[in-house]
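There are 4 protein chains.
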Amino acid sequence: MKLSDEIEFDVRFSETDAMGVVWHGNYLKFFEDGREAFGKKFGIEYLDVYKQGYFTPIVRSEIDHKSPINYGESAKIITTLVPSKAAKMIFDYEIINLSTGKVSAIGQTIQIFLSVESRELELYAPDFYVDWKKKMGLIK
Amino acid sequence: MKLSDEIEFDVRFSETDAMGVVWHGNYLKFFEDGREAFGKKFGIEYLDVYKQGYFTPIVRSEIDHKSPINYGESAKIITTLVPSKAAKMIFDYEIINLSTGKVSAIGQTIQIFLSVESRELELYAPDFYVDWKKKMGLIK
Amino acid sequence: MKLSDEIEFDVRFSETDAMGVVWHGNYLKFFEDGREAFGKKFGIEYLDVYKQGYFTPIVRSEIDHKSPINYGESAKIITTLVPSKAAKMIFDYEIINLSTGKVSAIGQTIQIFLSVESRELELYAPDFYVDWKKKMGLIK
Amino acid sequence: MKLSDEIEFDVRFSETDAMGVVWHGNYLKFFEDGREAFGKKFGIEYLDVYKQGYFTPIVRSEIDHKSPINYGESAKIITTLVPSKAAKMIFDYEIINLSTGKVSAIGQTIQIFLSVESRELELYAPDFYVDWKKKMGLIK
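Protein chains in written order, with my numbering: chain D, 30 to 169; chain P, 30 to 169; chain B, 30 to 169; chain R, 30 to 169.
Check before you lean on any hint, since a few could be wrong.
Claimed, not checked - Below, computed lysine to aspartate or glutamate pairings styled on EDC-like, alpha-carbon distance capped at 16 angstroms:
| # | chain 1 | residue 1 | chain 2 | residue 2 |
| --- | --- | --- | --- | --- |
| 1 | R | Lys-105 | R | Asp-160 |
| 2 | B | Lys-95 | P | Glu-149 |
| 3 | D | Lys-70 | D | Asp-39 |
| 4 | R | Lys-114 | R | Asp-160 |
| 5 | P | Lys-69 | R | Glu-102 |
| 6 | B | Lys-69 | D | Glu-102 |
| 7 | R | Lys-69 | P | Glu-102 |
| 8 | P | Lys-169 | P | Asp-156 |
| 9 | R | Lys-117 | R | Asp-156 |
| 10 | R | Lys-169 | R | Asp-156 |
| 11 | R | Lys-70 | P | Asp-39 |
| 12 | B | Lys-114 | B | Asp-62 |
| 13 | D | Lys-58 | D | Glu-37 |
| 14 | B | Lys-69 | D | Asp-39 |
| 15 | P | Lys-69 | R | Asp-39 |
| 16 | R | Lys-117 | D | Asp-93 |
| 17 | P | Lys-162 | P | Asp-77 |
| 18 | B | Lys-117 | P | Asp-93 |
| 19 | P | Lys-117 | P | Glu-74 |
| 20 | D | Lys-69 | B | Asp-93 |
| 21 | R | Lys-95 | D | Glu-149 |
| 22 | P | Lys-58 | B | Glu-91 |
| 23 | B | Lys-162 | B | Asp-77 |
| 24 | P | Lys-80 | P | Glu-146 |
| 25 | B | Lys-58 | P | Glu-91 |
| 26 | P | Lys-117 | B | Asp-93 |
| 27 | B | Lys-70 | D | Asp-39 |
| 28 | R | Lys-70 | R | Glu-37 |
Stated by the list, open to error - To be clear about the criterion: a stretch of chain R counts as covered by chain D if any three or more of its residues have a C-beta under 8 angstroms from a C-beta of chain D, and this derived list gives those stretches:
| # | stretch |
| --- | --- |
| 29 | 57 to 68 |
| 30 | 81 to 94 |
Hints in this document: simulated from the structure, not taken from any laboratory.
Using N, Cα and C, we set each Cβ at its ideal position, and we do this for glycine too.
The following block holds chain D by itself, in its conformation from the complex (with noise of 0.2 angstroms):
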């Protein structure tokens, strides 16, 4: 079982370059959006995973673009949590432009837990992420 979430999003007259495509580096922002609605969904936020001392940087980020998405057009993004055992989070993600019903891109992003006092990276999974999982069916 994976849990999965699926936003649609305009884009932004600023995220076009002049190509008159929406310029690469802003997926980053869509995955990130993504990510956020995902976590929103499913009681897993960014400030959520604060409040119980962590923070979760990116460590890695990859993206392969299929087709481009102009200005004008709409998208949705699926965003989808990759199981793991590590003290990960790692994400999958899809992003269809609505208007030619073409895929536009996929990545993935994994993000570490960091100790918000100690700034150390945690080797195993923090229980309320264990827990939340567990809460979540996808382990027992």
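Take the given structure of chain D and dock chains P, B and R to it, following the hints.
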């Protein structure tokens, strides 16, 4: 007498928009670059001020656009401190498109002094700022 | 009578800065979001205007900041068309921090009509724009 | 033999986030800065390529973050062209935090050649690009 600084810069591709020119909102980034270069030159950088116990948030910005900057063109920004007795830092900016020789934009920002500790607004210019202005020969 | 539109939004993490609040320059993105929502509602979007043969570049922006927006807070933007006989589109903006109830910022942008074909400034409001204003009941 | 270029840069305040460090997505802007400096040095800038009739959109990006960059710290980026027989431009990047001496991030981008006229993908490296590689001594 007015304190002024000048820096040259190239436009980033990511700063252009679908009209093929620099997106208007990015001029506030150029103003920030100009302000920081000014601060570095005259010893009044953001972090210098922070060490004195103050944030200096922007409370007002304005930009007048005169002519566009295309991708591939270079530009310079002239940053000038506007004399003021108030507990404010006011900067004027002029952005020149060096490829066309035309003024691209002029603008102004106003910053206030906010105590890092109390998060309260300073009604009078902080001592360190008055001292700095004396040192610069701006006041006696 | 004034035409006005209102949208709510959440702040992106990428829009915050090291002071922990929304970076001041990002308010121009919020203004753009407000303007586009206004355009969608009343049939005067950027692309509608473009199809009529006009770009509408911003020639002036101003922002007055009243109180910050922190990450995790939501906000709304009220976008109002300012009546004008000139060949200009003038919008007023008000951003309310919905988490505190306070006004976060007010601002204004001015756009001109530029012919896509000749890249020349229109000195008189284009016919399609006068027609649109009549249809909206803004003029007779 | 590999072609490589190196530039130093200061972090913009607007590039930081509420964790007080450079927002992860901004590294793609640094990669672009590195790529453009490389292009300027070796005569293969975005606009040089465009004049030959090609766009070179990014089809894949990846970033591995090793350590953060705080506001006020300076950094350098090393941009290296990765040898490839394919109709692609592949760049490796290394970002060093000059204030700490640590590697901040490594990454890679892949660009393809797209005909400006037909908007179709080139399956073979365009002649001008093969010529450029010969001139640089990368191939015989």
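Original post:
Which hints, by number, does the structure contradict?
Top reply: Violated: hints 1, 3, 12, 20.
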